[in-house]
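Protein chains: 2
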Amino acid sequence: MSISTLSFTANGITYQPPAAPIVVICLDGSADEYLDASLAFDRMPHLKKMIQQGYRGMVRGALPSFTNVNNSSIVTGVAPAVHGICGNFFYDAALDQEVMMNAASYLRAETLLAAAANAGRKVAVVTAKEKLRDILSHNMQGIAFSAEKAATATIATHGIDDVEQLTGQPAPAIYSADASLFVLRAGNALLRAGRADFLYLSLTDFMQHTYAPEAPESLDFYAAIDHELGQLLAAGAIVGATADHGMNAKQLPDGSPNVMYVETLLDEQFGKGSRVICPITDPYVKHHGALGSYVVVHLKDASRAAEIGRWLLAQPGITEVYDRDTAVRLLEQPADRTGDLVVLSARNVVLGRTPAHHDLSALDSGLRSHGGRYEEMVPLLISHPLNAIYMRKAAGDARNFDVFDFTINGTGQ
Amino acid sequence: MSISTLSFTANGITYQPPAAPIVVICLDGSADEYLDASLAFDRMPHLKKMIQQGYRGMVRGALPSFTNVNNSSIVTGVAPAVHGICGNFFYDAALDQEVMMNAASYLRAETLLAAAANAGRKVAVVTAKEKLRDILSHNMQGIAFSAEKAATATIATHGIDDVEQLTGQPAPAIYSADASLFVLRAGNALLRAGRADFLYLSLTDFMQHTYAPEAPESLDFYAAIDHELGQLLAAGAIVGATADHGMNAKQLPDGSPNVMYVETLLDEQFGKGSRVICPITDPYVKHHGALGSYVVVHLKDASRAAEIGRWLLAQPGITEVYDRDTAVRLLEQPADRTGDLVVLSARNVVLGRTPAHHDLSALDSGLRSHGGRYEEMVPLLISHPLNAIYMRKAAGDARNFDVFDFTINGTGQ
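In order, the protein sequences belong to chains Z and S.
Sequential numbering of the first sequence, starting at 0, is according to numbering that gives the first Met the number 0.
Sequential numbering of the second sequence, starting at 0, is according to numbering that gives the first Met the number 0.
Hints in this document: simulated from the structure, not taken from any laboratory.
Certain hints may be false.
Within a straight-line C-alpha distance of at most 27 Å, the following computed DSS-like cross-link-like pairs (lysine-lysine) qualify [stated by the list, open to error]:
no. : chain 1 : residue 1 : chain 2 : residue 2
1   : Z       : K47       : S       : K271
2   : S       : K148      : Z       : K47
3   : S       : K271      : Z       : K48
4   : Z       : K392      : Z       : K48
5   : Z       : K299      : Z       : K271
Note that the structure is predicted; figures quoted are calculated from it, not measured.
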C-alpha cells in the first residue's frame, strides 16, 4: 500500500508526515505513576524499549483536566480557548440553559485528522466512549467508531460496518478494561488490514478511576496495553502517546470522598441564586460521581465576583480562584463558555455542586478523580528519536496536545 | 550494636523507630524524570528492587521549591510557615536589610534529628553544601558535616574529624557529581562503622541544573547513586528518599535563558522603589544565576498591592500572584519573611530582579532551574512495604517533608 506524505495544515500548524503509519494514543487518565508502577514490575517491555529508543517526558495538559477538553485539544493541536470545548457542560447565560458540549457543533476549530484525510491519509479514529466520536471525527473522511457502539457502526455513518468481525470480539462493556483494550485491538486490526495509516486511539479511564497505580488490576491492564503497543510497533507504526489528564485519590483518611459542595457553600454564605457547573458531569458517572477538581461559578450578582472569589480562595481545600478574564488568559478558556469564577481544588479534594446533585452511592470503590492542577501534567511518549528541534521543544513547556506534532514532525530529520 | 527504639516527638509528630538503621536521602533536584530515564536504561537496579518491594509515588513539596526551604521542612516535618525558612534570603522591612537565612538562628522549629538523638539514636547529617549544615544540625547531638568542608570537620564542632579517612577520598569540588556521591559514601561508611544508625543525607543539584534526565552524564550520576543505595540497603537500612524540588529547562527555543526581570518591569510600569527578592540567591550561583520561578516583591506603596498584583498576573509568563495573606495561607509562608506580593512563573520561565542583578555569563550551559509550581511535585521512595495507614496517607496529599514519618512509622505494622 502507498502512504501519502503530502503535508497538511490545521489551525496554523503544518504536519509533514512520513511514509509510515502514524498512531497516536490517548491513554485516558494515565498519570505518570501508572507507567512507573508497570515499568517497575517489568509489565511493559514494549514501552520500555520504546522509551529507550524514543522519548519519554512530561507535558502540560489543557485545563480543566478532563477527557473531552483534552481530546479536543489533541485532535486540533490548540487550547480550549480556540476549540471551545471546555468541559462536558457549560451554562449558556443568554438561554438560561445548561448545555451539553458533546457534539461537534460546539467545536470551533478544524481537526488535524480531517486535514490528514484531505491530504490522502487513511484516517481512523477509535474511541472507547461514544460521547467523543462526534467531536473527534468532525468533517473527517474516514473511519470513526467507538468501542461502546462498535456493533452498530455502519459504512454510511462510521466508514466501517464490520468492527466486531475485524477485531474478533464483541463490543465490550463500557465500565471495563476491555473498553480500552478493544480500542487498541481495533487500531491494530485496521492498521494490519491496510484500512488505516493514520490513527487516533482514545481510551477510557474507568480503570484509573477505580484502581491505584500499584494495584494488580492496574498492572494487568497496562500489561495488556503494552501487548497492543508492541503489535503497533511491530507493524511499523510511529507511535505517540500521551494522556488527557492524570488521576489522584480524592479521599479523606477513612477512605470516604473528600468533597466540597461549592453551591451549598455559596448559598449559605451569600444567599441563594448562584449556579455551580461541574463540567466533568456526563452520562457516565459511575466511576467519579460527577466530582472533579474544577468547577465554574455563575454568580447571582456578577459585580460581587472579586469579593466572593476572595472568600472562596480562603476556604481550605480550594487552591485557585479566577475571574472570567483571568481564566480566559491563564487557563485558556473560551470566555463565553466559562463563568464569573473558576474554582480549582487541592490534590486530594473534589468540588461538587450540592449534595443532592451527586450520587456518591454510585461510586464502586474509593473516589479517584481529576480536573484540577494536580492532574495537569501527563506523560508524552514517542516511539522514535526526537530531532534536535523537538528535543528543545520537549525541554520547554510542551503540551499534551502537541502529541501529533511531536509524532509526525518531531521524528523526521 | 544496639539501636534505640525509644519513640520521640518533634513538632507534634511522634516517631516510633524500629531497631534498624534509618536512612533518609534528599535527592536534590531529582525531578521524577531523572528516575524514569535511569530506570528505563536499567541504570538503577537497586532502586528498581526497592520500588518493587517498597513504595514509589509522587508527593508535594514545600514552596518555594528551593533547597533550604525543603531541607528545613524535611528535618522538621512541617511547612515553612512553621519553621520559618522560606528561601536563602528575605527582606527585613523593619531593619531595611536583605537578610541571609542560612543560619539555624532563623529556624523556628525543632528538628526531628535532634529529637532522635535525644532518644538515643546515633544521628548523622551529611550534606553536600556547607550552607545547609548549620540549620540541619541545629541543637543536635551527633555527627554533622558537609562534603564541601569535609576536610575541616572537627570533633568539637562536627562530631567527627576523620571524614576523608572514613570515606577514603578527599573532599570533592562542590560543582561536581562527586559532591553528592561523597555524601552517600560517607553515609555508608558511617553506617557500616557503627557510628550512626539514623542518617539524613542531603545531596546537591549541580548535575540536574546542568544535565537533562536523558543525558549520559545524568544516567551515569544516577547509576552511581544507585550503587550507594544498594550498599545502604545491603547494610540493613530502611531507606526513604525524596527530593527538595524538581527541575525544568527555563529556556527560549534558541537555548537562551527565559527570564522576566520583575523589578525592572515594575520600575517601568509603576515607577522606581519596589524591591524584588529572589530567594534562590545564595553564594553558589554558577549553576542557576540566582534565577528561579519564585520571587517576593516589596512594594514602595503596599496599598497598591491589589492593583500591581493584577497587572503582574496579566504579564505572559507569570502564572501566580498572591498578596501576603494569601501567600501565608496557600503557600504556607511565614508572614514576616514574605513580601507584599509573591510571584510564580511558568514551567519554562524564571523570574529575576534586574538584568544587573544576574550574571548569566556564569551559566555553564542552558538554564535549568526551579522554585515554582512546576517543580513542586517530587518522588517519594520507601524501601520497605508501607502499612495500610500509610498507603492511604500516600494516596492523599502526602508531602515530601513527611519522608521521615513514612520511613519510620509507615514501614512498621
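We went through each hint and held it up to the structure:
no.	hint	verdict
1	K47(Z) <-> K271(S)	violated, 54 Å
2	K148(S) <-> K47(Z)	violated, 41 Å
3	K271(S) <-> K48(Z)	violated, 56 Å
4	K392(Z) <-> K48(Z)	holds, 22 Å
5	K299(Z) <-> K271(Z)	holds, 8 Å
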